[in-house]
Every structure is written in structure tokens, then in C-alpha cells.
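Heads up: the protein sequence lines correspond to chains Y and Z, in order.
So the first sequence is residues 759 to 892, counted in our numbering.
So the second sequence is residues 759 to 892, counted in our numbering.
Hints are not guaranteed to be accurate.
As the list makes no split between identical chains, a pair holds if one copy fits it or if it spans any two.
16 Å max Cα-Cα, derived EDC-like pairs, lysine to aspartate or glutamate [said to hold, decoys possible]:
id : residue 1 : residue 2
1  : Lys857    : Asp892
2  : Lys857    : Asp845
3  : Lys790    : Asp887
4  : Lys819    : Asp892
Think of the hints as simulated: they come from the structure by calculation, not from any bench.
Number of protein chains: 2
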Amino acid sequence: MAFTIAKLADAGGVGVETIRFYQRRGLLDVPKRNSGDGPTGGARRYGQDDVRRLRFIRSAKTAGFTLEEIAELLRLDAANDRARARDLASARILALDAKIAELQAARASLSRLSKACARQQGGPCPILDAFAGD
Amino acid sequence: MAFTIAKLADAGGVGVETIRFYQRRGLLDVPKRNSGDGPTGGARRYGQDDVRRLRFIRSAKTAGFTLEEIAELLRLDAANDRARARDLASARILALDAKIAELQAARASLSRLSKACARQQGGPCPILDAFAGD
DNA sequence: CTTGACTCCGTATCATGGTACGGAGCGTAT
DNA sequence: ATACGCTCCGTACCATGATACGGAGTCAAG
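Hey, can you work out the whole structure from these sequences and the hints?
Here it is as C-alpha cells:
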């Protein structure tokens, strides 16, 4: 239940440097050092909660949130700011719908291109016009 | 029918600097100067074909190709390399399908989150768990 | 025949999201 | 008690896709 930074990185599927990067960006906080009996103190320890946050960050990135926005979402969670959270979610849903439609159109174009280029020789394989009409 | 770089940029919906950037990256070629009667020659002129390429670049980017890959596609078009073009298209279709599925899952999660956070007070608004199960 | 808009080109800078390096310190197993 | 591996931290660097800057040249209108 107490992770070193390397274990946390493993559990979250990221690298150690990424953890530190997220800490600098305010997405993860930096726990107190373990035992302050040396000039610099011991290693920092992480818990299950940090794993949760890390996984949230991964998913939120996939959803298209920027790290900046993810930092805000994490603050909203702490503050229990439902309204703002809902707004961010709604805005992202709209953006996702647009993005999905865009990708589906691109997919259709590529599918057409692929078919056209299938015939060995003869017939067109108009790469430059693949997206005509998009 | 003869564009200056600024007109080309307009027609392609990009900035002048972007055109030059694409030229450096080999996505667009650099036409000969117009009239070589000065120490440096006149301005370069662009045609409808450049507009076509520029639009292709835009669409191909949307489809998720990198500029590197787009440069290759443009070369393939010139070389009429059907097989390779088809391979690139197929690979991209697979990647697009994966991406679309991912975005749809994210959308569903956000939709759930948005609903949960809708109720003013009472009930959960579990931002951190929004993507649980993804 | 000058002014103003545009071009050319090299180089620098930006934003995003990391990844790497290097010199300390610390802690655990042998 | 000493060596090995991990940690800490600052700083530097990377890739991608642009975007900006500055000085010089050019061109067309007034």
C-alpha cells in the first residue's frame, strides 16, 4: 500500500519522469518525505489514491483534455464543484462528437482510396483527391 | 491562376509561414523565381496544383497522418505506387478505428459523469472515477 | 523616385507532453 | 560497513507542428 515513485509509475503505466513532470504541473502532489533524519530526508511514499489520480489522468488525456484542464478537473474534484465539472464534460463531449465525425469521414475517404488503389494497374489511384469532398 | 504565397496560403486556409514550413519539410516544392533580373530575382508563383496539395495536406493531417507520412504519400502519388499507398491507407484505417472506439468510450464516460453531476447537491459527482472501467 | 505592401530566407521561439542526465543522498541486503 | 540500487532535484533536451522576427530585396502606384 505504500509505493515508491517507481512502483507508482508502474501501477499507473507511466515512467518515473512522467510522475515528476505531473507533479511540476500540479496534477499530482508531492508527498512529505518519509523520515527527515538525514540532511535531505528519505524517499517520498505514495498511496492508492495517487494511482487513482494517475489513471484518471491517462483516461482524461484519451478523452482529449489537456493537462491544464486535467489539473482543473482534479481541483474541481477536491472542491466538489459540480457545475464547472459538468460544463467541462459537456464541452468535451461536443468536441469529441466533432472529432469522431471527422475521423469517420477520414476513414471513409481512406477506405475509398484503398479500394481504388487495389486494382493492380489500370483504374485510378488518386491519392491527392482521396479527400475530395471532405 | 497565378498565386503569390499569400494568396496560396489564403486558398489553403493556412498561414504564409506554414507554406514555407511545408516547403522545408518537402511537402510542397519551391517554384522557380519569376524574373531573375535582380540580384535575388522576383517573387515565386504558385498554381492550382499547389492549392490541391495544400488541401490534401490538411485532410491527411485530419486523418491522423504525420507530416512525414504525408510527404511520403505525395511522393507515392508522383510515383504512382499503388501498393504502398494502399498499405499506408489500410494501416491508418486500423488506427482510426481504434481511435474512434477510444473516443466513443470516453464520450460515454463523460456523458455518465455529466449526468451524475447534474443533480444540484446530493448524489455523487465522482470526477476521479469518471473513467472507471475504461 | 519614394512609400508601402509584399516577398525571401535564415534563424529563433512557441506550445504540448514528455524524456534524459548528472550529481547527490539514502537504505537495504550481504 | 560497504556496495548497489533507488530516490531526489534541477536543468537540459526531444519531437511535432507550427509561428514569429528581422533585414534585405522587389514591385506597383502615386
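- Could you tell me which of the numbered hints above are not met by this structure, giving the numbers in increasing order? Structure breaks hints 2 and 3.
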